[in-house]
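Enquirer: Read off the chains here:
There are 2 protein chains.
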Amino acid sequence: MKGLIMDYPLTTTTILEYGNSVYHNKKIITYLPDGTREEYRFGDMYKRCKKLANALTKKLGINNGDMVGTFAWNHAPHVELYYGISGIGAICHPINIRLTSHQTEYIINNSEDRVIFVDATLVPLLEKIAPLLETVECYVLLNAPKDFKTSLLNTIHYEDLLADQNEDYEWPTLNENDACGMCYTSGTTGLPKGVLYSHRSTYLHASNIISPNAGNYSNLDTLLLIVPQFHVMAWGFPYLCLLSGSNMVLPSSNLQPEAIIKMLQEEKITKANGVPTIWLGVYHAMKENPPKEKLALQEYIVGGSALPKSLIEGFEKDFGIKGVQAWGMTETSPLGTVSRLQPMHANLSENEKLNIRAKQGTAFPGVEIRIMTDEGTLAPADGKTMGELQIKGAWVINSYFKTNNQENFTDDGWFKTGDVSTIDTDGYMEIKDRTKDLIKSGGEWISSVALESALMAHPKIREAAVIAIADEKWVEKPLASIVLVNTEDTISDEELIEFLSRDFVKYQIPKDYVYITEVPKTSVGKFDKKEIRRLFAEGKLM
Amino acid sequence: MKGLIMDYPLTTTTILEYGNSVYHNKKIITYLPDGTREEYRFGDMYKRCKKLANALTKKLGINNGDMVGTFAWNHAPHVELYYGISGIGAICHPINIRLTSHQTEYIINNSEDRVIFVDATLVPLLEKIAPLLETVECYVLLNAPKDFKTSLLNTIHYEDLLADQNEDYEWPTLNENDACGMCYTSGTTGLPKGVLYSHRSTYLHASNIISPNAGNYSNLDTLLLIVPQFHVMAWGFPYLCLLSGSNMVLPSSNLQPEAIIKMLQEEKITKANGVPTIWLGVYHAMKENPPKEKLALQEYIVGGSALPKSLIEGFEKDFGIKGVQAWGMTETSPLGTVSRLQPMHANLSENEKLNIRAKQGTAFPGVEIRIMTDEGTLAPADGKTMGELQIKGAWVINSYFKTNNQENFTDDGWFKTGDVSTIDTDGYMEIKDRTKDLIKSGGEWISSVALESALMAHPKIREAAVIAIADEKWVEKPLASIVLVNTEDTISDEELIEFLSRDFVKYQIPKDYVYITEVPKTSVGKFDKKEIRRLFAEGKLM
Numbered sequence: 001m002k003g004l005i006m007d008y009p010l011t012t013t014t015i016l017e018y019g020n021s022v023y024h025n026k027k028i029i030t031y032l033p034d035g036t037r038e039e040y041r042f043g044d045m046y047k048r049c050k051k052l053a054n055a056l057t058k059k060l061g062i063n064n065g066d067m068v069g070t071f072a073w074n075h076a077p078h079v080e081l082y083y084g085i086s087g088i089g090a091i092c093h094p095i096n097i098r099l100t101s102h103q104t105e106y107i108i109n110n111s112e113d114r115v116i117f118v119d120a121t122l123v124p125l126l127e128k129i130a131p132l133l134e135t136v137e138c139y140v141l142l143n144a145p146k147d148f149k150t151s152l153l154n155t156i157h158y159e160d161l162l163a164d165q166n167e168d169y170e171w172p173t174l175n176e177n178d179a180c181g182m183c184y185t186s187g188t189t190g191l192p193k194g195v196l197y198s199h200r201s202t203y204l205h206a207s208n209i210i211s212p213n214a215g216n217y218s219n220l221d222t223l224l225l226i227v228p229q230f231h232v233m234a235w236g237f238p239y240l241c242l243l244s245g246s247n248m249v250l251p252s253s254n255l256q257p258e259a260i261i262k263m264l265q266e267e268k269i270t271k272a273n274g275v276p277t278i279w280l281g282v283y284h285a286m287k288e289n290p291p292k293e294k295l296a297l298q299e300y301i302v303g304g305s306a307l308p309k310s311l312i313e314g315f316e317k318d319f320g321i322k323g324v325q326a327w328g329m330t331e332t333s334p335l336g337t338v339s340r341l342q343p344m345h346a347n348l349s350e351n352e353k354l355n356i357r358a359k360q361g362t363a364f365p366g367v368e369i370r371i372m373t374d375e376g377t378l379a380p381a382d383g384k385t386m387g388e389l390q391i392k393g394a395w396v397i398n399s400y401f402k403t404n405n406q407e408n409f410t411d412d413g414w415f416k417t418g419d420v421s422t423i424d425t426d427g428y429m430e431i432k433d434r435t436k437d438l439i440k441s442g443g444e445w446i447s448s449v450a451l452e453s454a455l456m457a458h459p460k461i462r463e464a465a466v467i468a469i470a471d472e473k474w475v476e477k478p479l480a481s482i483v484l485v486n487t488e489d490t491i492s493d494e495e496l497i498e499f500l501s502r503d504f505v506k507y508q509i510p511k512d513y514v515y516i517t518e519v520p521k522t523s524v525g526k527f528d529k530k531e532i533r534r535l536f537a538e539g540k541l542m
Numbered sequence: 001m002k003g004l005i006m007d008y009p010l011t012t013t014t015i016l017e018y019g020n021s022v023y024h025n026k027k028i029i030t031y032l033p034d035g036t037r038e039e040y041r042f043g044d045m046y047k048r049c050k051k052l053a054n055a056l057t058k059k060l061g062i063n064n065g066d067m068v069g070t071f072a073w074n075h076a077p078h079v080e081l082y083y084g085i086s087g088i089g090a091i092c093h094p095i096n097i098r099l100t101s102h103q104t105e106y107i108i109n110n111s112e113d114r115v116i117f118v119d120a121t122l123v124p125l126l127e128k129i130a131p132l133l134e135t136v137e138c139y140v141l142l143n144a145p146k147d148f149k150t151s152l153l154n155t156i157h158y159e160d161l162l163a164d165q166n167e168d169y170e171w172p173t174l175n176e177n178d179a180c181g182m183c184y185t186s187g188t189t190g191l192p193k194g195v196l197y198s199h200r201s202t203y204l205h206a207s208n209i210i211s212p213n214a215g216n217y218s219n220l221d222t223l224l225l226i227v228p229q230f231h232v233m234a235w236g237f238p239y240l241c242l243l244s245g246s247n248m249v250l251p252s253s254n255l256q257p258e259a260i261i262k263m264l265q266e267e268k269i270t271k272a273n274g275v276p277t278i279w280l281g282v283y284h285a286m287k288e289n290p291p292k293e294k295l296a297l298q299e300y301i302v303g304g305s306a307l308p309k310s311l312i313e314g315f316e317k318d319f320g321i322k323g324v325q326a327w328g329m330t331e332t333s334p335l336g337t338v339s340r341l342q343p344m345h346a347n348l349s350e351n352e353k354l355n356i357r358a359k360q361g362t363a364f365p366g367v368e369i370r371i372m373t374d375e376g377t378l379a380p381a382d383g384k385t386m387g388e389l390q391i392k393g394a395w396v397i398n399s400y401f402k403t404n405n406q407e408n409f410t411d412d413g414w415f416k417t418g419d420v421s422t423i424d425t426d427g428y429m430e431i432k433d434r435t436k437d438l439i440k441s442g443g444e445w446i447s448s449v450a451l452e453s454a455l456m457a458h459p460k461i462r463e464a465a466v467i468a469i470a471d472e473k474w475v476e477k478p479l480a481s482i483v484l485v486n487t488e489d490t491i492s493d494e495e496l497i498e499f500l501s502r503d504f505v506k507y508q509i510p511k512d513y514v515y516i517t518e519v520p521k522t523s524v525g526k527f528d529k530k531e532i533r534r535l536f537a538e539g540k541l542m
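Line order of the protein sequences matches chains A and B. In terms of UniProt numbering, the first sequence opens at residue 1 and continues consecutively. In terms of UniProt numbering, the second sequence opens at residue 1 and continues consecutively.
Calculated from the structure, these hints are not laboratory results. Just so you know, these numbers come straight off a predicted model, no measurement behind them. Every residue, glycine too, gets a C-beta built ideally from N, C-alpha and C. Among these hints, one or two may not hold up.
In the DSS-like style, the derived pairs of lysine-lysine whose C-alpha atoms are separated by at most 27 Å in a straight line are [what the hints assert, rightly or not]:
#1 A/Lys529 - A/Lys473
#2 A/Lys51 - B/Lys2
#3 A/Lys2 - B/Lys402
#4 A/Lys392 - B/Lys460
#5 B/Lys309 - B/Lys287
#6 A/Lys432 - A/Lys460
#7 A/Lys59 - B/Lys2
#8 A/Lys2 - A/Lys27
#9 A/Lys384 - B/Lys59
#10 B/Lys128 - B/Lys506
#11 A/Lys416 - B/Lys2
#12 B/Lys58 - A/Lys2
#13 B/Lys392 - A/Lys47
#14 A/Lys268 - B/Lys353
#15 B/Lys384 - A/Lys47
#16 A/Lys2 - B/Lys59
#17 A/Lys27 - B/Lys2
#18 B/Lys353 - B/Lys309
#19 B/Lys287 - B/Lys317
#20 A/Lys317 - A/Lys268
#21 B/Lys511 - B/Lys460
#22 A/Lys58 - B/Lys2
#23 A/Lys47 - A/Lys128
#24 B/Lys384 - A/Lys2
#25 A/Lys353 - B/Lys27
#26 B/Lys27 - A/Lys384
#27 A/Lys353 - B/Lys287
#28 B/Lys384 - A/Lys27
#29 B/Lys2 - A/Lys392
#30 B/Lys2 - A/Lys2
#31 A/Lys392 - B/Lys353
#32 A/Lys2 - B/Lys416
Residues from chain A that keep clear of chain B, each with C-beta distances beyond 12 Å, as calculated [stated by the list, open to error]:
#33 Arg48
#34 Thr100
#35 Ala206
#36 Glu352
#37 Asn486
#38 Asp493
With the rest of the complex left out, here is chain A:
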């Protein structure tokens, strides 16, 4: 028997309408790349989203199901694009601006973006590959001066696009299971893979993050969105702010510690997100030059990499600001777990508490996690038994875009994360290692496998194994251990860096190289990364 309840689809338009109806006076503040501060209200954005919807449908001919790319920093027009594009039934596809030209080209062709909205400062990156883009019909320039010059064909300024549009637009009724957004994984062991979010998954993800056990966001908050909008939809923050009525501060490219501290001070920001690298930078800058008044910042939520305990401790002791560890993946929208203390932890020592807070934490309602051992059995929740972390839930993918490959999914429908983890008796998950050998530097994935194959393409190199080593600034950085073809040969670090820069962007390229006589192997002949890490840890590699 069906319940007698209204059909009320959970869409990004539902979010937008709610935000406008209850919180039209809340603020969206942008610090543009040139440092200019702009401010308007949710209600103003709402009107511009409707203008954008008219422009998209009537002027650009975008239809339901079309893909529309963005190539931009975090700023108000980018938020308008989130709502405007998905509001007409098209799919908002923020493109990671930090990939290689080849990856960017691949992503745009693979997604079939018809239009790309691009920041003026990022136009040079697209100019290089524009001739190779097969589906892009036009480029809309964001934050560009009137006399902006570009070799891109068919360009129009964003403000000109909106200028003569009507503020009246009737949003179509959308199916909540239809796609509203797409992000690509960072291309780990191969080409980037598309992850297609639905309206429903986007809504549920955002509405669950605002709960007190998770992000704890409310209409008392002003949030700083450091996580880029081209990274898993900025963790859903442009959506959740409208549900929670939190003011939104968008830094665009102002991500230097000093710029962030200035925003924290001037906007009285209460909570923020970001990868650990950003907060390490902010912490050290604050240590060097302590703010005169206590910041309004209560806590920062961190994902993408493990939050170092020393950072949690330092920030809290020195400035009374709490670090909160969360975990997620592009494939999980991203947020799946968060680590917060509970009353049962009250009597633990400070160090024991720190150990719990440094775990990846407990699952939000709407997702479930489990650990499967190598033997294919469910691992007990004992905090010790390791196995692959698997996840299912209302905002977890069931497939990648344009592929039938189901190797990342179990037969009973769980997503295999590739992370090796434990879960303790209270449900706290901790990532112990990776089954895929990835390095995460400054919040960005670096594929060790890709680096290895590139290095091994060098005529003087026989074998190369890349592992992650700790780095104070980037949390992790790659270290390449190299076996030379001819042991009498030498290669300078500069030569290798130059060699790799043909295929990799700067942050992906190892700065550290060691030379070994043989790469340790597992029983099936695979590189034994664990053994290499052990050798490094014991000082036998450097």
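Using the hints, position chain B against chain A.
Expert: Quick look at chain B alone, frame taken from chain A:
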């Protein structure tokens, strides 16, 4: 294009599984009618829900879509029934224990309950009508002594039902739009009407109440569920506690102020719900006999009637406990709005702040509200223009059970609440009056129309108009203004009370009677309640 996201139905079983997985150590504490305290964990409840599921399907032959009634106070087995019944795909139907025999009989026959789970202390109420119940095959006795005697046929003790059942049970995959629960409205202008909640509406309602702008419930909390489980599913609290990881305290019939204060003290309750009458009682008892130590209670959320400003003020000033006004209806699951202050209110005077907090508040994400004027136009959000409050959303009904009558719905799909309200520019809704003339006394509806027609059935009475007047204990109580057939006649209050007790239960019967020469009428000849209220307010009636 569909998003590539897992199909993950939002059901009560999803809630139960989540609660067991992440919060199996959280507590459910019951104070039984005899004052005994019982405690177990979410994990224990989970196992018993599975035993219950086996008993329901295998022993009682309950099928998907069957209706199963409960007639019980708030206690742990009643929570098991919520999850166990809906978990197998049947519908949990908590029956209001405070209705007349005739209404109870009607509800049970109308819903077609196949089994009723009944508290031993409430058995006498069912014994009276059992012969009239057409569909009930068996009664399961809750909290009954072994040697319990009853005239009910086909009874079994709850613990006997569960005793030999297996703890293994595989929950069926349910459609989230299927019904999971039913409550009846309190029968205002006619017979009670059934409201059939879906799994999805139940899930979304619960998961939105835990957000900081609404109830703000987390795994740091211990909640006291004063709102009866037979009143709109206890406002969803038995569900939300598993999502938020809050300990649950269930008072059964221990609702006297002293009993509540004892629970607040002994269980270190942090938050609670309830109608204003309960909190008035608690407040006065605390004033008379102040607790020696400050209570852990941070706030109580109130719905069902307007929270008197004097109570908000007194509780906060005297005991540092915050009263939070919410609003909802059986038809809206129930919660739709809540009133909390925002940073923009910081500079208001204490009295202005109080005025905002006494409003019904802003809509939660997932529902939308609007005010329609008598002319059928959308009222501006100016805090002044009155009109009918209308609501739509993910947990609002689109029809009553077993009726095609759509008179309570607008053509564009909104539910007409029958309340006359305003909405201010910040989205705060305030109920000003009622289009239906109802009285809400101690959280229970009393139909003035029904009382009037009963009174006018008295041979000596020509006309009778009943209005609500303020009452310190019950918030509202009915006042009957009577026009005698023969002005020389007299009727004693006792005679009228006796006369009405044939059709009404005690709390519904007016204790206050005034005699007037004519009932004021509107232009179309209807009783002008507004005018009667004005006369009363000016002291011209008593």
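Enquirer: Output the indices of the hints that this structure fails to meet, ascending.
Expert: 4, 6, 8, 9, 17, 23, 24, 27, 31 and 35
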